[in-house]
Each structure stands twice: as C-alpha cells, then as structure tokens.
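Asker: So the chains spell out like this:
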Amino acid sequence: MGNTAHPPPKSLTIRAEAPPRMLTFVIRRLLFAIPTLLLISLVIFLIVDLAPGSPMSQIPLTIPPDVRVKMLDAMGANDPLFVRYFLWLKQFFIIEPAYMIDSWFGTDLAQGAPRILSWKSRSPVFDVIGQRLPQTMTVIGTAYLLAIVIAVPIGVYSAYRQYSWFDQVGTFVALVGYSVPTFFTGLLVIVIFSINLQWFPSVYDTTLDVTDWASFWKQVRQMVMPVAVLALFNAAEISRFTRASMLENLGQDYVRTARAKGMSERVVVLKHVLRNSLIPVVTVIALGIPTIFGGAIITETVFSINGIGAYVIDSIKSSDLPALQTLTFIFAVLIVVFNLIADVLYGILDPRIRYD
Amino acid sequence: MLDARATPTPLVQVRDLKMHFPIYSGIFRRHTGDVKAVDGVSFDIMPGETLGLVGESGCGKSTVGRTLLRLYDPTAGSVTIDGTDIATLSPEALRLKRPTMQMVFQDPQASLNPRMTLAEIIGEPLREHTTGDAATQLERVYELMNAVGLNRRFARRFPHEFSGGQRQRIGIARALALNPKFIVCDEPIAALDVSIQAQVVNLLEDLQDNLGLTYLFISHDLSMVRHIADRVAVMYLGLIVELSPRDALYANPLHPYAKALLSAVPEADPAREATRRRIILKGDVPSPANPPKGCTFCTRCPQVFDRCRTERPALIEAEPGRKVACHLFTTPTAGSTGSVEVTEPNQQGVSK
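Protein sequence lines correspond, in order, to chains A and B. The opening residue of the first sequence carries number 1 in the working numbering; numbering runs sequentially from there. The opening residue of the second sequence carries number 1 in the working numbering; numbering runs sequentially from there.
If you are wondering where the hints come from, they were derived from the structure by calculation, not from laboratory data.
Chain A stretches covered by chain B per the calculated footprint, using a threshold of three residues with CB under 8 Å from any CB of chain B:
| hint | region |
| --- | --- |
| 1 | 253-261 |
| 2 | 268-279 |
| 3 | 339-353 |
FRET-style restraints, in silico, Cβ to Cβ:
| hint | chain 1 | residue 1 | chain 2 | residue 2 | range |
| --- | --- | --- | --- | --- | --- |
| 4 | B | 142 | A | 34 | 48 to 56 Å |
| 5 | A | 275 | B | 134 | 15 to 23 Å |
| 6 | B | 28 | A | 34 | 51 to 59 Å |
| 7 | B | 83 | A | 350 | 42 to 50 Å |
| 8 | B | 28 | A | 42 | 56 to 64 Å |
| 9 | A | 209 | B | 27 | 55 to 63 Å |
| 10 | B | 142 | A | 350 | 23 to 31 Å |
| 11 | B | 179 | A | 180 | 55 to 63 Å |
| 12 | A | 178 | B | 90 | 38 to 46 Å |
Since we're looking at a predicted model, the values are computed, not measured. All C-beta atoms in this analysis are idealised placements derived from N, C-alpha and C, irrespective of residue type, glycine included.
Build the full structure now, drawing on both the sequences and the hints.
Answerer: So, in structure tokens, the structure goes:
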C-alpha cells in the first residue's frame, strides 16, 4: 500500500493505462470469427448456387448445345457442388493472398495456381475488384465522410436546442432523408440538376483521369449529385443518433456538476456531453463503413458509376457465381471485422467497459 | 458557533424565492400551468453556520438547493450570496462567481463524468478558475485528496472504480477545489450505507471547522440533520413552514407538520421510545401544480380550522429566533390545539 511502489502521476492529463485484456479479447474474437465466416461462406455458396439462371444465358442462341456444355465444363461449372466449394475456399484463402503478396513483394508464392475467375469476363475477380474499388471509395467514401461532418454538428445543436426551429427543421429533413429511398432522390436530382438546369452531368465518367485543375473540376462536378444523395441518406441516420445520444447525456447529473464547477457552456457541451455522447455514434459510424466498400448498389446504378455495387448487380444479372460469391463473402468479412472494431472502440472510449 | 450568529451580515440571503416549472400539454404544447416546486421561500444563513433543510420527498428541498446556486433560473425572488445577487447575474458573471458557491450532489455515481479520471474531475475547475501552472494544480489536487481521505495513488482512476463512499469523497473534494465559502449539500448521504454516512458527515463537519465553510444541508434524514445542523428549516409543498434553532425544534416543534414529521424519528432510548407517539397524517401531499388555496398543509393538518382554507399564513416570528407559518400562531384566539391529533401508540418490535 506504500506510495513508493506506485508513485503518483506527475501530470493531470495522463489517462488510465490501456486495459491489458484488450489484446486477448481481440485474439479471442478473431478466433471465434473463423467458424462464423466458414459457415457464412457455405451458406452464401449454397444460396448463390441454388439461385435459378445459367452462366450461358447471355451466350447467343446460335451456339450449339454441345459447345455450351463444353464451355460449362471448361469453366468448371458442372463440377459437383462441394468440389467447387472447397476449390473456392482454397482459392480465396490461400491462392489469392499468395498472389497479393507476390504482387507486393515480387515473390513467387502462387506459382501460377489458378485464381478465382469470373465466368463472365474470364479475368480474375480480384483484379476486377481492384479496378472498381477506387471509384466506389471516391464517391461513397466522400459521401460518408461528408455525412459525418454534417450530421454530428447538426445532431449536437439539435439536442442542445431541443424543440427549437433548428431542431424541428433538422428532424423534418432527417425524416425525409431517411425515408425517401436513394433511387428516388437520385432520379429527382438528375431530373432537376442535369436535365432541367444542366448543371451537372447525369452519367459518371469512370475513365476520367484527374491530371489538372480542369479535370479535377470535372471530377468534382460529376461527383456532386451521387455524393449529395448518399450523404443525405447517411447524415439523416447519424444526426438522429447523435441527437438522441446528446439528449440522453445532457440530462445526466454530471452535466449539472460541470456547470456547477463554473465551466463555460462550450466546455460543458463539447467536452463533457459530446465526448460521452460520441460513444454510440462512433459505433454506428464504424458499423456503417462496410457499406462504403460494398458500394451503394442502387446509387451506383442510378448514376452509372462502375463501382463495386454495379459489379454486384452485373454478376447477379449474368449468373457470374464466382464473382458474386467472392463479393458477398468480402462484405461478410468486412462486417465481422468492423463489428470487432466497433467493440474495441467502445472499450477505448468508455472506461467502464471491461473485456473479461 | 452560537457566537458566530451575532455577526450582523448573513452570507446567504434568500428573499421570496420562487421556482415554477412550466407544464406544456396538448398538441401545440401550450403552457397550461406550473409546477410550483418552490413558491416563495425566504431565509438567511450566517457565515460558518449549517442550515438544515428537511421535508418529505417532492417538497422542493433539492430545487431550493439548485436554485440557490442558479443551476435553475429562478422564476422570482433574490438570492444574495456574499454580497452578490445570484438570481440576476449574467451567465459569464455567474460563471466567475461559481468558485464561492459549490454543491455536493446526491448521487455520487451519476454526478461524476464517467470518462474523466479523478485528477481531471478535481483539477478541471482549477484549470478554469486559477492561474497556477500544472504542477501547482496537481499539488492542489493531491492536497484536496488528502483532505477528504483519498489515497493519492487513485488520481488516475475513473469514478466507476471507486465505492459509493469514495465517490462521495471525490464529489466533496471537487466542491472544495476552489475554496468556496458556501456549499449546498444536496442529500449527500442519501445514496450511502449507514456506516459510510457517518464517515461522510464527520468529514463535512471537520472540513467546516478547518475551512470555515457555510452549509445548506438538505436531507430527509432527520437524525442526521439534528447531528449536523445549527438551525433547521422544515419544508412542505414548496414552502418553509418552520425555521427554528435545532434544539428548540427537536424539543418542541411548533408547526403541526413539523410535529408530525419529528414524531416519526425513532428514539435511541428504549424508555422514551416506548412513550413516543407517532402522528399519522391522513391523505396525500397535494399536487404542487395545484396547491390548496390557503395554507398548503390545510388538507392534512390535524388542527385545521376555517381560516387555514382561505388564507395562506406568512412565516412570522412566533418565539425569539423561531419562525413558523401557521395560523395557530398568527392570532391569539386560535382554536384549541392538539385535541384532534390522530396518534398511534408505538409498539417496540412491531413494524407497521
């Protein structure tokens, strides 16, 4: 109990040491994730496989049936289900990571093993994802960031001035943003701003290279509408969450304590209330991040953005099972990973949470 | 401490303080009434004195405490603390005045920010209101932790890592940080175990002796108030019904409500406990949104007469140093007293 064993801290601002159990918790959760993900991959595989449709449905009718069978055999589409499943597992978990490492470090781990090939384009699925990911990240990522930047201050101020005209307008806009689907708002802004006002292009040009100010400006102009539509939708949700969380904390006793201490309103609201209110908000934001990678399927289709979301729709239309299986499984992995990240963030932000 | 009362200027002067909370109802949330939580309260507290404030749940005790420090904006009335009228200060002037008046809150768990360490909780007002460097402030934090009996090794812990009694010590250390003159203790022991209650009350008394503090001690624990207070104010439905020196009040309460309230206190002496007669009040407390027209206690008073139902009694000096708001003491020809009290013999070991 002596003070010598544990000298008192020298500074007021030192935080409590990070909980040592955190690492154990993360490792345990990752181990638990393995059977979960294996089960998910099997379920996805079975569902995708059971879905009606043939990869040959888009091949011209003039191709004779025996040629079609040969084509299916060449793709491996006629192999038994479990042969294809285990081959896909091996390709996804061993061969594709090997190719990835090869391309980063110039090694030769894969040794030319067959990759996961799209039935439609015959090119590796991961290459297509690599080509399309930047489009999705740029548009959807920007929309998500914008949504957070807009929504959090709106939520904070709405809660601080509950039932004021600002709050009422915010509530109304959030309700509209959340309840009107993006395919409707998307088409609405296209009609208004592309067709009637002709301010922005209605089709997103994926091939545009940003090299100078002129092309940068062009890129900004074509991003405005999809970003705005998605940001409205996401901001509606996040601002509601922020507001609810702020309201809950504003009524807490410790806020009265902070006022009694003689802290300024700014410190009371931004330091005491906001820091506590952000705990659930950060979780919601973290859980929403997989949707960035997943791409907003509908929004990408409405604005003709060749991102991941459009790829998903494409693969469904052409019964491109390997591509669909791989994409869906990647989303599943991301959701599991970001759930874990949200849990860890919760523990970092809230000292009361313990990982036992 | 009785000598201190000879000092002419009170530290805290409350005059006709009212705190009404508006009720909004209907589709358009129109203002349809007020909860009159505090409805015209006046009292003084001398420097170094402890004024106890007692009453049943919902009578407005805590609201008085919070309004006194303007944690609520009062509806009417004035609160003069150390020469400044708190009720009319601008927000910034009020903030700068906060160091002289502090509060110890009822719920030590909820009143501490869960994301701040003990050192941050106690040190925050120092950073805001003092000019010393970080080392001086830290030294002051340790000094305060010593004063309330907390080991300085705890400085980096969070509130949830402490027991209830320790948390209340943190709350007290926080309140003391800026050398206040006046502290409102809002049921500081209500959330604590009995064994811890005594520790915290003794700590408050020691701090008062060492630092010359003035307390408003709000509690529903009548025996604890008897232990700590110099004078006691009894509240009922937003009003003070009796304000007397402690010993006089406990020996001979004047107001019928004070009599009923004090009759509920068990006696430690079995001989006296056996003869204790409880006065059982009938009915419920009226709604503070719609209090009775005359005396607020007229619906339950065992000694009620006609005048009580029409005219509200003022708080007047009935005996030297004792104030009471009751018509029994305003007119010399009051009705007979004590004849219709409903009493119940208290039997040892029989719980009601």
